[in-house]
Every structure is written in structure tokens, then in C-alpha cells.
Amino acid sequence: MSDSSLFQSLMHSLGLGHSDFNGGIHPPMHKITAAQASEVSPMPPVLIVPLKQHIGEACIPLVQIGDHVYRGQKIARADAYVTASIHAPTSGKVVKIEDHRIPHPSGMGLPCMFIEPDGHDTIDPACLPIVNWRENDPDLLRERIRQSGIVGLGGAAFPTFIKLLRDRHHPVHTVILNGIECEPYLTNDHRLMLENTRQVIEGMQILMHVVQAQKAIIAIEDNKPDAAEAINACLSKQRLDLTVEVRLMPTRYPQGSEKQLIESLTGKQIPAGKLPLHVGVLCQNIGTTKAVYDAIAEGIPLTERMVTVSGDAVPKPKNLRVRIGTPMRFVFAQCGLEDFDDIQILHGGPMMGEKLRSADIPIVKSSTGILAMHTATMQSVHKHEDPCIRCGHCSIVCPIHLVPNLLADHCRNNQFDKAEDYHLFDCIECGCCSYVCPSNIPLVHYFRYGKGQLAQLTRERRFADESKARSEQRERRIERENADKAARRQRVRAETKPVLDGKNSTENDGDAS
Amino acid sequence: MLIHISSPHMHGGNSIRITMLTVMIALLPATIVSVYLFGWLAVLHLCLCIGACMGSEWLALRLMGRPTTPVLDGSAALTGLFIALILPAAAPWWIALLGSIFAIILGKQVYGGIGYNPFNPALSARIILLISFPLMMTTWVVPMHLGGSALNLYDFNTSLQIFIHGIQSIPGHLDAMSMATPLGHVKTAATQGIPVIDALKSYDYNLLDAFLGSEAGSMGETSALALLIGGIYLLARHTITWHIPFSYLITVAVLALIFSSIDPNQYAPPLFHLLAGGLMLCAFFMATDPVSSPVTPLGQIVFGVGCGVLTWCIRTWGGYPEGAMFAVVLMNMAVPLIDHYCRPRPYGRKT
Amino acid sequence: MSEFAVILLSAVLVNNYVLTKFLGICPFLGVSGKTETAIGMSFAVMFVMTLASTSSWLVQQFILMPLDLLYLQTIFFILIIASLVQFIEMLIHKISPVLYQGLGIYLPLITTNCAVLGVALLNIQQDNTFITSALYGFGAALGFSLVLILFSGLRERMEGAPVPTAFKGAPLTLITAGMMSLAFLGFSGLVKV
Amino acid sequence: MAILSLGGFALVAGIILAIATRAFHIEGDPIADKIEDMLPQTQCGQCGYPGCRPYAEAVASEVAEINNCVPGGERTMIAIADLMGVEPKAIEAEEAIPMIAFVREDECIGCTLCIKACPVDAIVGAPKQYHTIITDHCTGCTLCIDPCPVDCIDMLQKPELIEHWSWPLPDTQRSRIGHQRRESHQHV
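Residue numbers (my numbering), protein chains in the order written: chain A, 1 to 513; chain B, 1001 to 1351; chain C, 2001 to 2193; chain D, 3001 to 3188.
It should be emphasised that the hints constitute simulated quantities derived from the structure, not laboratory data.
Keep in mind the model is a prediction, meaning the values are calculated, not measured.
One or more hints might be untrue.
As the list claims (entries may be wrong) - Here are the simulated distance ranges between beta carbons:
(1) E472/A x R3104/D: 24 to 32 Å
(2) R3075/D x K93/A: 45 to 53 Å
(3) S3166/D x E472/A: 27 to 35 Å
(4) N482/A x R3104/D: 26 to 34 Å
(5) M3001/D x F2043/C: 36 to 44 Å
(6) D421/A x I1262/B: 40 to 48 Å
(7) E2159/C x D3171/D: 21 to 29 Å
(8) G1051/B x G2178/C: 25 to 33 Å
Claimed, not checked - Listed next, the in silico SDA-like pairs over lysine to any residue satisfying Cα-Cα at most 25 Å (straight line):
(9) K451/A x Q3157/D
(10) K3116/D x R477/A
(11) K383/A x L1061/B
(12) K2168/C x G1055/B
(13) K3089/D x Q2101/C
(14) K31/A x P327/A
(15) K2021/C x P1321/B
(16) K1350/B x G280/A
Claimed, not checked - Here are a few chain C residues that sit away from chain D, every Cβ distance over 10 Å (derived from the structure):
(17) E2003
(18) C2026
(19) P2108
(20) L2109
Note that beta-carbon positions come from the ideal geometry of N, C-alpha and C, so glycine has one too.
From just these sequences and the hints, can you work out the full model?
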């Protein structure tokens, strides 16, 4: 830790100093692609578009095999609230719809649409820009953002329009543009800020208009002074009447995590289980802001994103503008990597990204970066797990103030009720605890295990309750039916008693047994 | 192994061995002082304790049929170093050997090895020894460079004889070779009704000697300065945090200040308490032993305050002159509960 | 006032029933598996011990001594304790069925718990007054509760440890209790009673 | 005199206790409620009792063993053991893979016998019509298999969903030790 951070942590311990989040680490940043201009990736022979690329409900296809689609044409949608539609990344022919692996740690697959580009890349004529968005109703813009399938492009892939809801009780006064990018290796937001400065700023203005916020903060980590300069220059050229502040933040992982960034900037913590708007803040990633600009001012739905291709096994690391659905093998080939022997692929940054099992997985909306690492590098990280010596470093670096080592013990011993009591679900899986652990304990892995098991338990519990309710209902129904039957029989017997006495009673016996 | 492992895919490079080595480096000043004061005797104890600890760890792991690599992770060697530093120099070899075996076998391996021992192994060994062999554990050799020593511990043969046969085997009067520690002297005086100030005067006590280490005591406990240097090194390396040592020392100092200003005849002054006995060693090295101390910052402060209160109470009112080791082991018992009830407030939650 | 403090401190720390007098070891080892159960047991023991020491004192002073029935002392005391235990058993069953289940056989066993009978007899032996015997009983129970809860915390932590097979369960529990007992020796001489 | 005083004292104590019994009387069996909440509610009857509630009552009154619930598996057994304060017992039946019933509709004759057998009303259909099993409601209890006169009901493995996928324990030696510990704990 550097001297300044030592001082900060001391001040923080004493409860002094300006607002800042607790904990955090300083991993080596490896931002090797930062100084290099991004390139546009060529079109692959086939695009594989998964029908679920977001948090929420999966989509159902709107087009059929053999149909021709335009770029930006909606090809799948869902009726649920928390969802995002999928658009064709380029013009071409739908060749098949079948299960294919998606970037997911399970290595499992989902229905994907395979599109063969026709090479013309014709934009859907229905895609029209809203040029005079300043005069437009915020709700209309929000609906356009929803229709454009925009999700958080920082990795979480949470549908953006939900965050843009205007709540009378919680008016949003500040829009925060998250240009932190604290993950090592990743530089896609950095490049966007440098190359698409104007679009990003206009996107921010659109967001401010949608939520009717008066103030904006653009937060940039202090290892990207050039980005801050570019944004400042663009701002002073435009002479905005809105209050926009560019704030340089100290480089510290996970500064870019939404909760931590809001705490650093405003000193407020988002209450557990609440959204940023409950503290009057909207926080958007740079890439998302650019996508909002594209959707409104250019009329193009989310079909392309900036992807950092890096890692110690990539010969020519660079940032690429890639169409959604491009297979990773094709993307890596643009950077000189063809042979995947003894190479591990990570989807996302090294701190929160997932290891993938194959290179034939498409780029999706949440693909901030794809890293190729030598197996030896990975093995040197995931070493033998030693017993916990309770040094407490994990508690010190945890930005959520959890007690990771005890939490991991509870997960390992299957004491999930205790784990929940230790706030397992508050964990943001940033990986700081595993990073500092002298015993190499895969703490985050234990938390994910615990979360999965708890979710499973909850599902089973709910299912059991439903089954119980159905079974009780059935018993009541049978009882009622029996009672009805008995009553009916009573009546029949009363009417026909003198004649059919004997016969009736035998029938009753038979029924009773 | 790489099939199912979750993020993060980066690691800071810290390891148990590095942690243990850092603590050993931090103990270097105190070790040098102990060799300077007790000559070959200190060297013999150091070698025996470290060797015995590593040996018994290896043996225990072999008997349990577990891999024996943890012997080299430095934790056993560190325990040995600690035991050597908290033994009185006059203790014969078998006491050191017994202590090392107790510490590793009873203090650590029966609980499942490193990371699982609820008590600090070195301190539990010292308590076992103190209660089993009270006389030998409280006979303090006059250190070298403190006028009037009848022994030349820089002479290998003399040291070896004391080491093997005990101090009684040396011809000469025991009183000339040994002396009481300041704490012991004050305690004896208190039982005879002599005021603390007079007791300190008759002992020829001065704070500078206590700070530098020219006084009787366990081999590594005498020099507050050396321990302080080590402690600051640990703090600077982030191996320990300030919570435990500071809350511990401040509690002792505050209690001593309050009571000595009420009745200076009955209660010793704060600086005397801070520099005396094993307090410095316990505060910076023993109470901060990661395995047997709380994990959370608040818990660490509670732990430190508890250690401080118990240390001062036992020193002042108890039957034993030194209470630091009892205090730390007593507080070790409470660690699981402290950990449970002193958890920090998670982000975005009220309580 | 300071006399009361001395009695309490002595009973809780210096002459701790479990760790220095070695009374009440059975529930100490039996119900220390879980902290929650240990806390429940602590309250039960506090209730029984305090009431047992006062009511036994009353019985001693107003029934046994006037009637010259000192040879029936033990029987009388056991009778008192047994009724108290029955009472607390019903109370716990009502308040917390889970705790009742958790305490299991150890709850009725408080009856024959030497610590409870010990406190009643020691009160008589030490010629305590009504107040001091109540305090002594409460202090002893407090000391018992303190070490029981501390010990349960330690045992919960040891549960996840790869303890060598030979030491699993009772052996390690006893070693730990022994170490606690040694550490409690540090309190010796703290108060002179 | 001795007998009189002892007897008198015992009588007083007895009366107090009798009053206490009345005052602290409890209705129902709270333990059985708690156990029932832990059971999977498949109503399958594999435990030998006609449903989950009767089994819970039997366990609470210590008539039944805690390890008879097959669909609940190890987890339920350990939860009950924790609640009852008893040692966990090994489950004799093999850990069941979650299954659901499936009707081969072209073979179904519409006899409604399976509908009557289903304890959770998960089968729909009218007489002489094909019956269908609501997958989301089926508990996999297999009670519908035997009544079917044409054997047109299959038990199929429950489909695995990517949303329901969860991380396994990390594959490190230490987690395995923890796992072994749990297993050995069960077989004491």
C-alpha cells in the first residue's frame, strides 16, 4: 500500500477525512491497451446471438429460420418487466435457432439465434433517431431506451430503463457517469471517453433529461488523466447550462462498483436492498451512456460494443468495436491469437470475470473484455488452499464490511442460516478478500457456493409450501366431496328406505372401504 | 483444478510463510538483545526451542498421517522463537523442551494444526510451565552488563552447565546470580505492606534501564525498545493492525494512571506498567497472534481492552506478579464470542 | 458494599465452580455444544441456583435447625432443588420448546447437579446470611454461565477443525477445559476470601 | 416429626408444581410444526406415514427415526437432527435425483385413476381425455405410477436450468476435508 493510502486508512479509521469507501486493494493494473486507438472488428462468417443477455426473463424469437433481418431489427422480446429485447447485430439471414454455450461459468447453453451476415450491414429502416430529444417527453425517451434493449454494459447487464424510473418520492438529483474502470486490463471505457467524448457527454445529457436531474458528476480514476482532460475540453467547448463536474478519484479497486462509487462521491450508502435512486442518484457506465446516445440520437439499438481483448497470452492486445454475437475465437484471431492450447479465457476482468471453457462462445452485451491467460499464470494464482490463519486482512479490505473468513467457514460447513445471518447476500463478489488472503482461500467461490445453495433451499422451501397448500386443498375437497356424497346417499336412502334397505347398506359398505 | 474455480483470477502474493517470516524479522531486535544480555544461554535456548517445535510438529503430522509440508511454513519455528523469548534464562533444557512440546502438541496440533488453535500456543505452554514448575519459571538470572553479575554467560561452558544442570549446579550463592523482576519485587513488597515508591527505590528502578532492557526478566521481554521497533515494523508491513496493541497498552496505561494518581503508595505508575514484564511482547506479538485473536476491528479493540484490564488487575491485585500471559489466554477464550458480537455494520445496513 | 463485590467476584472468577472447584462438569461438557443452548442453560442454572441457595438457607434456618433435623439436610435440599428444576422445566417447555429439546436430559439432571447442591451446602458451611447466600448462589451461577458460554463459543469454533481422529469429541473438549482451568488460575489471589 | 416435616414440605412443593403445570400447559406440539416446515411436502409416503404432517408428528414424539424422509435427503435429516438435538443418522435410501412424472399422451386412456392418486393435484384431465402433468407442480412422488392401468407414466429427470445452476464447492483439498468431516459426522 502506498503512503497516501496508509494515511487515508488511518484517517478513515479515526473517522476523519472526506467520504470514501472502506477497504479495497491495489492490484497491478496491466492497462496495456490504454494508449492504443480502438479498431472496428470485421464481420464474422456467422453471428451467434443468445436470446438472454441480461438479468431477468429470457426472450422468445420474433423471426423464423430463413427470415432476412436488418441491423437493429428486433429479433426477440419478452413480456416480463425485467427484461431487454434482442436486436439483430447486422443484416443477414437467420440460419438456425438452437442451444449454444453462452459466457456463463456453468458452461451450459441457452437458445441462440445464428445469423449469417449478408455483408451489406443495412440498418433497419424503422430505426429512426429522435433528433430533438430535448423537447421530447422523458417517458418517451425512456420507452425508446427500453425498446433498444440497453442493459448495463459494465458487466452486470441489468436492464437500464428500470434504473431510469422516475419515482415521486425519490427524485434523482444527480447523474453519476462511472468512468472508473477499476478492473485490471480493461480499457474499453477509457477508450470510449477519449474517442467518443462528444457522444458520451450527449448521452449523459439525455440521461439527465430523462430523470430530470440538474447535476452530473463524471467520475474518472486518476490513472486516466487524459480521459478527464478530453472530457473537460469537450465540456468547455459545449458550454452547458447544466452543472457538470469531473471528479478524479484515487485508483483503488473496487472504486468502480456502483455502491462504492456513490459512497465515495456523496458519502451516502445505498440502504440494503434499495436502488441508487433511493439516495437521489443515477449511476451509469460510460459504455451504457454511449449506447443511450446511439439509441436516441442515432436511432440504432444496442448491437455493438467496445471489447478489450487482452491478457498475457494475446500477442496484439487491443480494443475492438465488436458486434454482439461475434464468436470469441474470431475476436481473438483479430489480435493474433489462434492457438488455444494451454490458454484460459476469461470473460470480463481478472477480478470479477469468469473462466470460460471454450473459445466458441459469442460476445454478449455484458462482455467488457475477454482475456486470454497462460494456464501457468492461472495456476500460480489458484494455488493450494491452506487453513485460515484468521489474519483479518479480508475484513480490512472488504468494501461491504463483511467478515469474509467466518462467512466462508459457515458456507464450507453448510451452515447456511448462519451465513445468511452474516449477510452473505450483501457480498458483491468483488474478490478483494481472495486477493489478499495469505492462505489462498477461494473465499468468493465459497460465497457463490453458499448463495447457490441458499437460493436452492429457498426454491425448495417455496415449492414445499405450494405443494403443502395444494395437498391440503385436495384433502379439503375430498372431505367435502365425501360429505356431499354421504348427504346425497342419506337423502336417497330416506326416500327409498322401505324398498331398498338391504341393497343400499351394502353399497355404503363398499364405498367406505 | 482449474475446471471450477471462481474469480478473482489474481492474487496479491501474500502467504502464510511470508507472514511468519515478517513476524520473525520483527522479533530480530528482541532476539539480539536477549543474546546480548544472556549470552550463550540465550543461543542454546533459541536453538533448542525452535528445533524442538519444528521436530514435534513434524512428529505430530507424521503420526496423524498428514502431509508434513506445514513444518516449513514457519509457524512452528515462530512458536519456538516465542517460547525461547518468554522463558527465564535460568530454565534448564528440559523445561524448554517440555514447553515446546506442549505448545505444538497440546496447543496446536490436537486442534487440527495451524489456524485452528483457540489459544496462543506459546503462552499456553508458558502457563503450563509456570503452574507446573513455579520455582524454575521464576528464577531470574542477573543479565550481563548489569553490574554485580556473578556469572559470565558469554562463557560457553558456564552457559552449557546452567542449561543442562540448572542454575543450582553453579557454585556460589544463588542470590548473587539471580534477582527479582521489577514486577516480582513490587508484588513481594506489596504483600509486606511496603509502598510502591519505596519498593521501586530499594530496587534501584529506573525507567531508562527498563526501556532499554537492562533488568531481570524473561529472555526476550526485557527490552521494551527492541519490542517496540519490532512492533512498529509489523504495523508498517500491515502484518498487524494498530487495534490490539494500542487498545491493550492504552488500557493498561489509563488504569495505572487513574489508580496511581488516587493512591501512589499502593498502585504503580503507568510507565512502570508499560515497560515491565511481558506487556510489550504480549501487546505487539502475542495478543496480535492472528489465529487466536479476533478478526474484526471492533472485536480487536474489545479484545485489547479486555487484555489490558485483566493484565492490570492480575498484576495489581492477583497472586501472580505478571498477568499479561494469563490475560491474553483468558481473552483468547472469549474470541469466538467477540467475533460473533463485534461484527462491523455491513454497507447500507442500519445496525 | 465491597463485601458483596468480593463475594460475587470470588464466586465468578477466583473460585469458579467449574474451573477451580470442578463442580457441575456434567452440564458443562454436555450442553456446551451450541451457544444458544448454553445461554438457555445458563439462565436455567442461574434461576435454580439463586433460588436453591436462598430457599435452602430458609429451610435450614427455620425448619431444620429449630426442629433439630440436620441429619435430613441433604434430603431436604434435594427436594427443594428437584421442585425448582421441575418448575423451570415446565417454564422452558412453555417459553421455548426448541431450547427444551436442545437441553434434553441435562435439564432434569440439574437436580442431581453437584454444583447446585454444592452451593446450598457451602452456604451453610460458610455461615452466610440470607443476602450473602443469595449473592453467593447467584455469583456461582454467573461464574458457571460465564465459562459455559465461553466454552460453547470455543467448541463451536472447533467443530469445523480437522481434529485428529484420536482427539475428536470428548478428549479435545477435556483438553480445552483443562487449558481454561489453567488460565483461570491466573485469577488466584485476586480477592482474599 | 421428621416424617411430618418432610411430608409437609413435599406437599407444599407438590401443590406449587401442580399449579405450575396448569399455568404452563401448552397446546399442540410446536416441535412437530417446526419439523413439518422442514419436510419437502411431497406427501409421497416413502417414510411409511401417510403424509408429511403425520411423519413430523411421529418424529416429534420420537416414534419415528429422523432419517426416513427420502426426498428431503441429507439436508432435511441434518436440520431435524439439529432441532431435536440428536446425532444425525445416515439415510439408507440412495440420494434421489429430482424426478418428475410425465404422461405419454398417445397411450393415455383417460381413466382419471392417476388424478385421484396425485397428492398435490398436479395432474389435469377429464375422463376419456388425455391427462397432463403440470411440471411445475409435480413433486416426483411416483404415487401415480402404480394406479395407471396402461403404464403410460414415466419418471423423467427434472430438466436442469441455467438459472438454477449453482457453484459447487471449490475443488480444493481443504474443502474436501470439510466435506469429509460433514460426512463422517453423519455416520457416527
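Here's how the hints hold up against the structure:
Our hint of 24 to 32 Å for E472/A and R3104/D holds, since their Cβ atoms are close to 30 Å apart. Taking the beta carbon of each, R3075/D and K93/A are about 50 Å apart, inside 45 to 53 Å as hinted. For the hinted restraint 27 to 35 Å between S3166/D and E472/A, the CB-CB distance of approximately 30 Å keeps it satisfied. Taking the beta carbon of each, N482/A and R3104/D are about 32 Å apart, inside 26 to 34 Å as hinted.
Our hint of 36 to 44 Å for M3001/D and F2043/C holds, since their Cβ atoms are close to 38 Å apart. Against the hinted window of 40 to 48 Å, the Cβ-Cβ separation of D421/A and I1262/B comes to about 44 Å, which satisfies the hint. Taken as a hint, the range 21 to 29 Å holds for the pair E2159/C and D3171/D, whose Cβ atoms sit roughly 23 Å apart. Against the hinted window of 25 to 33 Å, the Cβ-Cβ separation of G1051/B and G2178/C comes to about 27 Å, which satisfies the hint.
At most 25 Å may separate the alpha-carbon atoms for a hinted pair to count; K451/A and Q3157/D meet this at roughly 24 Å. Distance restraint check for K3116/D and R477/A: the Cα-Cα separation of roughly 12 Å lies within the 25 Å cut-off, and the hinted pair is therefore satisfied. Straight-line distance between C-alpha atoms of K383/A and L1061/B comes to about 21 Å, which keeps the hinted pair within the 25 Å bound. Only pairs whose Cα atoms come within 25 Å are accepted, and K2168/C paired with G1055/B is accepted, the gap being roughly 23 Å.
Proximity of K3089/D to Q2101/C is assessed by CA-CA distance (about 18 Å); at most 25 Å being required, the pair is judged to hold. Using a Cα cut-off of 25 Å, the hinted pair K31/A and P327/A holds, with the two alpha carbons roughly 24 Å apart. The straight-line distance between the Cα atoms of K2021/C and P1321/B is roughly 23 Å, inside the 25 Å bound, and the hint therefore holds. For a cut-off of 25 Å, the pair hint linking K1350/B to G280/A stands: about 19 Å separates their Cα positions.
Every CB of chain D is more than 10 Å from the CB of E2003/C (nearest about 32 Å), matching its label as outside the interface. Its beta-carbon lying about 16 Å from the closest one in chain D, C2026/C satisfies the requirement of being farther than 10 Å from that chain. At roughly 13 Å from the closest C-beta of chain D, the C-beta of P2108/C stays outside 10 Å, upholding its exclusion from the interface. No beta-carbon of chain D is positioned within 10 Å of the beta-carbon of L2109/C; the least distance is around 14 Å.
Every hint, counting from the list given before, is met by this structure.
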